[in-house]
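The chain contents come next:
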Amino acid sequence: MPDKMHVKLTVNGEAQEFLAEPRELLIYALRERLNLTGPHVGCDTSHCGACTVIVDGKTVKSCTLFVAQANGAEITTIEGLGSPDDLSPLQRAFREHHGLQCGFCTPGMITRATKLLEENPTPTEEEVRFGMAGNLCRCTGYQNIVKSILAAAAEINAAKEAAE
Amino acid sequence: MKDDVESREDRTAGLKGLGCARRRVEDLRFTQGKGNYVDDIKLPGMLHGDFVRSPYAHARIKSIDASAALALDGVVAVLTAEDLAPLGLHWMPTLAGDKQMVLADGKVLFQGQEVAFVVARDRYVAADAVELVEVEYEDLPVITDPFESLKSDVVLREDLEPGADGAHGPRKHHNHIFTWEVGDKETTEQVLEEAEVVAEEMVYYHRTHPCPLETCGAVASMDKVNGKLTIYGTFQAPHAVRTVVSLLSGIEEHNIRVISPDIGGGFGNKVGVYPGYVCSVVASIVTGKPVKWVEDRMENLMSTAFARDYWMQGKIAATREGKITGLWCHTTADHGGFDACADPTKFPAGFMNICTGSYDIPVAYLAVDGVYTNKAPGGVSYRCSFRVTEAIYFIERMIEVLAIKLNVDAAELRRINFIRKDQFPYQSALGWEYDSGDYHTAWDKALAAVDYKGLREEQAQRVEDFKAGKTRKLMGVGLTFFTEIVGAGPVKNCDILGLGMFDSCEIRIHPTGSAIARLGTISQGQGHATTFAQILASEIGLPADSITIEEGDTDTAPYGLGTYGSRSTPVAGAATAMAGRKIRAKAQMIAAYLLEVHDDDVEFDIDRFVVKGAPERFKTMKEIAFAAYNQAIPGIEPGLEAVSYYDPPNMTYPFGAYVCVMDIDVDTGVPEIRRFYALDDCGTRINPMIIEGQVHGGLTEALAVALGQEIAYDDLGNVKTGTLMDFFLPTAWETPNYETDHTVTPSPHHPIGAKGVGESPHVGGVPCFSNAVNDAFRAFGLTHTQMPHDHWRIWKTANRLGLHG
Chain A
22 MPDKMHVKLT VNGEAQEFLA EPRELLIYAL RERLNLTGPH VGCDTSHCGA
72 CTVIVDGKTV KSCTLFVAQA NGAEITTIEG LGSPDDLSPL QRAFREHHGL
122 QCGFCTPGMI TRATKLLEEN PTPTEEEVRF GMAGNLCRCT GYQNIVKSIL
172 AAAAEINAAK EAAE
Chain B
161 MKDDVESRED RTAGLKGLGC ARRRVEDLRF TQGKGNYVDD IKLPGMLHGD
211 FVRSPYAHAR IKSIDASAAL ALDGVVAVLT AEDLAPLGLH WMPTLAGDKQ
261 MVLADGKVLF QGQEVAFVVA RDRYVAADAV ELVEVEYEDL PVITDPFESL
311 KSDVVLREDL EPGADGAHGP RKHHNHIFTW EVGDKETTEQ VLEEAEVVAE
361 EMVYYHRTHP CPLETCGAVA SMDKVNGKLT IYGTFQAPHA VRTVVSLLSG
411 IEEHNIRVIS PDIGGGFGNK VGVYPGYVCS VVASIVTGKP VKWVEDRMEN
461 LMSTAFARDY WMQGKIAATR EGKITGLWCH TTADHGGFDA CADPTKFPAG
511 FMNICTGSYD IPVAYLAVDG VYTNKAPGGV SYRCSFRVTE AIYFIERMIE
561 VLAIKLNVDA AELRRINFIR KDQFPYQSAL GWEYDSGDYH TAWDKALAAV
611 DYKGLREEQA QRVEDFKAGK TRKLMGVGLT FFTEIVGAGP VKNCDILGLG
661 MFDSCEIRIH PTGSAIARLG TISQGQGHAT TFAQILASEI GLPADSITIE
711 EGDTDTAPYG LGTYGSRSTP VAGAATAMAG RKIRAKAQMI AAYLLEVHDD
761 DVEFDIDRFV VKGAPERFKT MKEIAFAAYN QAIPGIEPGL EAVSYYDPPN
811 MTYPFGAYVC VMDIDVDTGV PEIRRFYALD DCGTRINPMI IEGQVHGGLT
861 EALAVALGQE IAYDDLGNVK TGTLMDFFLP TAWETPNYET DHTVTPSPHH
911 PIGAKGVGES PHVGGVPCFS NAVNDAFRAF GLTHTQMPHD HWRIWKTANR
961 LGLHG
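Chains as they are written, first to last, in my numbering: chain A, 22 to 185; chain B, 161 to 965.
Each hint should be verified, as a subset may be incorrect.
[Stated by the list, open to error] Stretches of chain A that chain B covers, calculated by requiring three or more beta carbons in the stretch to come under 8 Å of a beta carbon on chain B:
{"hint": "1", "stretch": "54 to 60"}
{"hint": "2", "stretch": "119 to 128"}
{"hint": "3", "stretch": "152 to 158"}
Keep in mind the hints are simulated off the structure, nothing from the lab.
Since we're looking at a predicted model, the values are computed, not measured.
Ideal Cβ positions, reconstructed from N, Cα and C, are used throughout, including at glycine.
Build out the structure end to end from the sequences listed, making use of the hints.
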């Protein structure tokens, strides 16, 4: 077994440091070392997106990234996107518009949608559907997920306008 | 006091009871990443289990050498059938009366079969050790075709005594499992013989898989100090799992606690009992440490719970005017290496005998032959009540085939054959009593909503345009009218492993007027914590927001048979209402005492009991709850609790009318769903928001199955669709928007008239998508083409019909 590697990460604003085998996947480092069990493993092959997290400003499928590759990165998981007292607009919108059922894909969905709305604050339905195509849901048929994301976009934009 | 001025409407709305689009209580934790799924569970000292699986579909095992694996640092144990045999656990009973190897005992019968179970310090070491276990195989002839299997000299199940009966009667061949017959064979065959018109077709419903986003898994923890075994698992029926584990292991049932935590979708995948569950329990007993086993996606698709694989040969007899006079069906059912179908004991082909559908068919006959092949065992009901999707797909294709034979409109053909409203309760030719329905009203509403006549005119024009070379796109109009049979079921004819299929609810009202209710079911995304509180709110007059719903922990919840086959609302929902009524009956006596009148002089009114004729004199349920705990009331025990075990008198029969409008590019084979209209009648509607969500989801799973999702094997029994690269799950990009609609025909026997809805859109959706594809080619001579209708197969159909010039 090759030597363990020294890994430093900033996860949801907190500095983390540990030794990990080079083959350790980011998803297991998050879930099993750091107990951040919001991101899930659904397929192991980058198809389902349940493991989506934000690494240095990009949404990444953490089941196919070695934690060593993320060395030095800033990582945000679903746990870092809102708090019980201050839910993010997307977290609120998913509940309001019934954008989830079993909840297994939801952390990845909301994480991906967070980035999508940062990159494109006023997406069309088509752009939402295209931008979310890397995240699979087996329960909702996506209709209410799309609705949730469009509603959150409208809310974020209205708040921005009010602030200006 | 505030209550005096609040209107009745406000009081009703404040409860958030039946009919309210109440937002889900589950969502707060799920949207924050704070769900608690099996793989999230981490116990001190926990070990990880992983399987050595067979690369062969049929092979003899010559030897297993685990020495190198055991020598690896961090490996704690490697279990084989030899280790399990002394415990009698190398085989386990299946839900279908067969038995299944937990770990390969001398041979393997399908690719991916469990051969050895490695237990190690972490998942990486376990995976390393799996590679180090040396298994020597001698390959045997592979059979992947059920028809060939019934003719083959190759004996798949050498453990079964030749010539001996199976669990469901005589076996005709060494690879035959059972024959199940329903209906009147002689009369049906006579009707077919004498019929003016007979339409025939072989309708194949291909093998697929429920594929919930969370795979199956378990964490078993044997506490040797206290003699207690705790199992967390992806179980759709936790109480039944406890009983089975007790019977298999000899551990007394009170010493076993089974917990289904949050479940990331089930769709039938998590009904079965899998070797991984058994091995994690044994490994925990052997090592004295908690053991986690979670399958990966490939293991999920290859080894746990396939669905369908029914070859349905059909004949339908009719008059020249289109009145159906008889239906005949012979099904060859591919069950794989072991018969592990998840059906009630007396129904080896599930409720396939609902295959007369929504039509008044005077005589019918159904026979199903179960067959062993070298494929994975399973046969679960993927988002449907037992084999109902197969049955409805069959009849809804046969109706279309008959319409072509008669050269009539398929919508009209359905209409003239529907069971009429005045015929309910309706006795079907294959033995069911349909509880209620109003099919003509639903059909008319659906056809009007989509302007059916206009669609057919547009389609005819499209055919002309295509023939004139003006377009390369054909248009299909898919129709489906389905009737489901859900809510299993009456204990008199429905059991699983001898356990009657009742369900239960236990309610405890707290002194301050809030409550907890526990049920024998388990949500996998259906939102039980939200909807069951709504049923109770309307029954007991306390706000849904003040009622906690809990399921899935066998130490606290009352016994029930779990959640599948759309049975939660029909059975546990009924138990909830009945338990609520017991609470209300006691509350009535308390209210009468407090108001100093006779019990019969008070009546329930939304959230209170009022004195009849004097509505200003009342006690709210909140006041009554407090009184139950702080007043000595003569003749009444303190406290306010109730429990109900509900044995339903009948199944429920939800129905619906679906229309799909599809454009098909004949040169690429790509279908584009232009419109999908779904009218569902699930009886009383508890939460319209959740119903709509269930319909969207079920339709999307139907789209997947109809348009490409399959578990495919090559001739050597290799699984060709073992990852999400090959196994089709639609994304947001290819999924359309759906239009939902409803009628309401309550179930006459359910306490609140509800019928269940989660599976309807799948049952109705699959034939609707498939009929649309078939219909697009009807004008060019196509009668029937098999699913799945992926782009390649659609292109081939177009090519076969000469549409590529």
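To see whether the hints hold, each was checked on the structure:
1. Given a C-beta distance limit of less than 8 Å, the hint that chain B covers the stretch 54 to 60 of chain A holds, as 5 residues qualify and 3 suffice.
2. Counting residues of the stretch 119 to 128 of chain A whose beta-carbon sits less than 8 Å from any beta-carbon of chain B gives 9, enough to reach three: the coverage restraint holds.
3. Coverage of the stretch 152 to 158 of chain A by chain B holds. Counting CB-CB distances below 8 Å, 6 residues qualify, and the rule asks for three or more.
When held up to the earlier numbered hints, the structure conflicts with none and fits them all.
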